[in-house]
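Trainee: Construct the complete structure from the given sequences, taking the supplied hints into account.
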Amino acid sequence: AQSVTQLGSHVSVSEGALVLLRCNYSSSVPPYLFWYVQYPNQGLQLLLKYTSAATLVKGINGFEAEFKKSETSFHLTKPSAHMSDAAEYFCAVSDNTGNQFYFGTGTSLTVIP
Amino acid sequence: GAGVSQSPSNKVTEKGKDVELRCDPISGHTALYWYRQSLGQGLEFLIYFQGNSAPDKSGLPSDRFSAERTGGSVSTLTIQRTQQEDSAVYLCASSLGALGQETQYFGPGTRLLVL
Chain D
35 AQSVTQLGSH VSVSEGALVL LRCNYSSSVP PYLFWYVQYP NQGLQLLLKY
85 TSAATLVKGI NGFEAEFKKS ETSFHLTKPS AHMSDAAEYF CAVSDNTGNQ
135 FYFGTGTSLT VIP
Chain Z
44 GAGVSQSPSN KVTEKGKDVE LRCDPISGHT ALYWYRQSLG QGLEFLIYFQ
94 GNSAPDKSGL PSDRFSAERT GGSVSTLTIQ RTQQEDSAVY LCASSLGALG
144 QETQYFGPGT RLLVL
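Chains as they are written, first to last, in the numbering used here: chain D, 35 to 147; chain Z, 44 to 158.
Calculated from the structure, these hints are not laboratory results.
Worth double-checking, as some hints may not be accurate.
To spell it out: a stretch of chain D is covered by chain Z in this simulated footprint if at least three of its residues, at any positions, have a beta carbon under 8 Å from a beta carbon of chain Z; those stretches are [unchecked claim]:
1. 77 to 84
2. 123 to 129
3. 136 to 144
Quantities reported herein were computed from a predicted structural model and do not represent experimental measurements.
Note that beta-carbon positions come from the ideal geometry of N, C-alpha and C, so glycine has one too.
Mentor: Here's what the structure looks like:
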């Protein structure tokens with residue numbers, strides 16, 4: 035069985051500050067992990083994904099995430115927040131069958147000017 | 044090329060009516076997924092199609108929900124005898140293949156309101 039937990043449904047950061055969005059997963063097999071972003075009034079789009087290659091994954095718009103097996107985590111970070119980063123962020127996990135994706139409940143990021 | 048499209052973008056219906064939601068995946072994508080996004084909740088997996096194989100219906104919340112995919116392309120999600128708790132955004136996604144590492148490409152969603 036697989037599941038994803040996103041700690042913090044709402045996160046606020048000041049413009050220029052570090053962004054840290056937390057994601058912990060549960061999986062009985064080596065997982066594939068994803069971060070998707072949903073900007074206001076737009077559809078979900080892939081931010082980055084981990085597919086068992088490098089544990090530090092770089093995505094679009096300066097975001098990156100590190101797969102830590104010992105901590106079962108895949109936290110999303112960005113060194114300096116920009117106003118345009120305000121969005122809903124979803125962490126997701128799947129296995130190698132592709133049958134199901136499990137999404138977290140999402141974290142709404144607010145960037146304060 | 045064109046992305047995933049969904050229609051209608053918004054649907055208001057009365058309790059007890061049936062509704063049909065349509066999804067056009069990206070051309071060449073063999074896998075298609077339906078999700079439901081309710082206010083304050085994450086994405087709830089509903090159903091998955093891979094090519095012409097029988098769909099994985101394990102996520103459908105009740106027997107009022109059904110989906111089909113014709114010719115391995117367009118998909119229709121049908122909700123019979125709608126209830127107010129069915130109000131949500133219904134998202135469709137497609138991916139090139141069925142492997143778990145494939146990126147899913149999402150449509151804009153259909154916002155369903157059941158009065």
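Trainee: Look at each hint and say if it fits the structure.
Mentor: Now for the hints, and whether the structure bears them out:
1. With a cut-off of 8 Å between beta carbons, the segment 77 to 84 of chain D has 5 residues touching chain Z; three or more are needed, and the interface restraint holds.
2. Chain Z is given as covering the segment 123 to 129 of chain D, and this holds because 4 residues of the stretch bring a CB closer than 8 Å to a CB of that chain, at least three being needed.
3. Residues of the segment 136 to 144 of chain D with a Cβ under 8 Å from some Cβ of chain Z number 5, which satisfies the need for three, so the listed coverage holds.
Checked against the numbered hints listed earlier, the structure breaks none of them; every hint is satisfied.
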